[in-house]
Amino acid sequence: MTGHPTLAAIVGLSLTISLTASLIAAVVGMPLGALLALTRFPGRAALVVLVNATMGLPPVVVGLAVYLLLSRSGPLGSMGILFTPTAMIVAQTILVVPIIAALTRQTVEDLWSDYRDELNAMEVGPAGRVATLLWDARYSLLTALLAGFGRAIAEVGAVMIVGGNIDGFTRTMTTSIALETSKGDLPLAMQLGLVLICIVLAINAAAWAARLWSERQAG
Amino acid sequence: MRAPSSELPVVLDRVSFRAGETTILDRLSLTLAPGAPTVIVGPNGSGKTTLLRLCMGLIAPTEGGIAWGGRSQATMARRAIVFQRPVMLRRSTAANVAYALAKANVTGSARRDRVDELLAQVGLSDLAQRPARQLSVGEAQRLALARALARDPELLLLDEPTASLDPASTRRVEEIILMAAQSGIKIVMASHDLGQVRRIAGEVVFLARGALCEQSSAGDFLNCPKTPEAAAFLRGDLVI
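Quick note, the sequences are listed as chains A and B, same order.
Numbers in my numbering are just positions in the first sequence, counted from 1, shifted up by 4.
One point on numbering: in my numbering, the residue at position 54 of the second sequence is 45, and numbering is uninterrupted.
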């Protein structure tokens, strides 16, 4: 493989964008999922179905929507962030929030049916319930976070559209693979693909080890 | 010294509780006064658990009213309940007690001291750092008692606290209950174990099919039951 510094920069950018998007999505999606699990209101079932369905949002569609929002003539065009890593983080966050919210809702709802009586008997209020359930479900929620990260790091449609695949600025692993494939440089595309798979594998292994270790600490 | 009681007596006035078409409790009037432990006796499905949940304020009666110390408001600050199958939080044993203390507004170093005291009181000091979900059934039951006592209750409601315990575990749980009773906490406990009634009860409330059949001192109940249902229950007949 040629151009190792470039490769490192591409890998670094991919990780920065997808990890940032996953963390923002966790901060937004976990409380959202918990609220959805704990509240009862008309239309809740429809909202749950909607959130579950948006787990399968096509990345190119999200990319297109964000593109329209951020383009010069779009409502947020004045921010001037189209074709920057920031725009890519925005698009991936939108892709990941539904995954984390949907998986969190399921996890928290299951734990709540376990905890309901005890927390009610201790007079724990709504905010306390959300905090307690998210904290006590943290190992299961790590899986939700990984699922979200997996979607972000693997997608190509959204970052391609809103990032523009600009060499040295918004080129990620997946957009490079797409580019090299269309240029006919299949060996390089395959090498990039292998690197991508190895990185995802390493992150999941690290998360698994962290979960094993901390479960032993707290049960 | 304890402040004057604010939760007692608990007065139930013609309380009914229905779930859909099923009547679980039917026009039950009952006064639970301070003093020796009250044991609620009756077959499965007689409404013991529902009665305890009503007394805790976790559910509201379909009809009738409940008053705690003359007030019908729902704050349950000085009440605590141990469910038949208590759920341990996914934290350490000590953290379970600390959580209950935090929710009862005990803070700072007072909380740490109280965790140690309560764990010692229920004999779980050695298991303080053990994940609570790994405790045995008997240990979990004692941890649930520690969590309930963390609320510094005047009224402690217990739903068959020894139902699935072996004799040794039962004895340890009963010792904790009697200790709590001696410290002035009013115990109201469901049981269908007559041996336990003899060991613990000062007063017996006998329920059958959602109705109050009998409320009398433990001695009177065991020696000369007033209703045929209670007599049959004491003989060991199957009362349904």
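For the record, the hints were derived by calculation from the structure and aren't laboratory data.
Here the structure is a predicted model, which means the values were calculated and not measured.
Misleading hints may appear alongside valid ones.
[To be verified] Which residues of chain A face chain B? A partial, calculated answer using Cβ under 10 Å:
| # | residue |
| --- | --- |
| 1 | Phe45 |
| 2 | Glu113 |
| 3 | Asp121 |
[What the hints assert, rightly or not] Ranges of calculated distance between the beta carbons of each label pair, as one might list FRET restraints:
| # | chain 1 | residue 1 | chain 2 | residue 2 | range |
| --- | --- | --- | --- | --- | --- |
| 4 | A | Arg215 | B | Pro219 | 34 to 42 Å |
| 5 | A | Val204 | B | Thr53 | 49 to 57 Å |
| 6 | B | Ala27 | A | Ala50 | 25 to 33 Å |
| 7 | A | Pro46 | B | Ala51 | 38 to 46 Å |
| 8 | B | Arg102 | A | Ser82 | 49 to 57 Å |
| 9 | B | Arg18 | A | Arg48 | 35 to 43 Å |
| 10 | A | Val204 | B | Arg62 | 54 to 62 Å |
| 11 | B | Thr53 | A | Ala135 | 31 to 39 Å |
In this text, a Cβ means the ideal position worked out from N, Cα and C, and glycines have one as well.
Query raised in the report: What hints, given by number in increasing order, does this structure fail?
Result: Numbers 1, 2, 4, 6, 7, in rising order.
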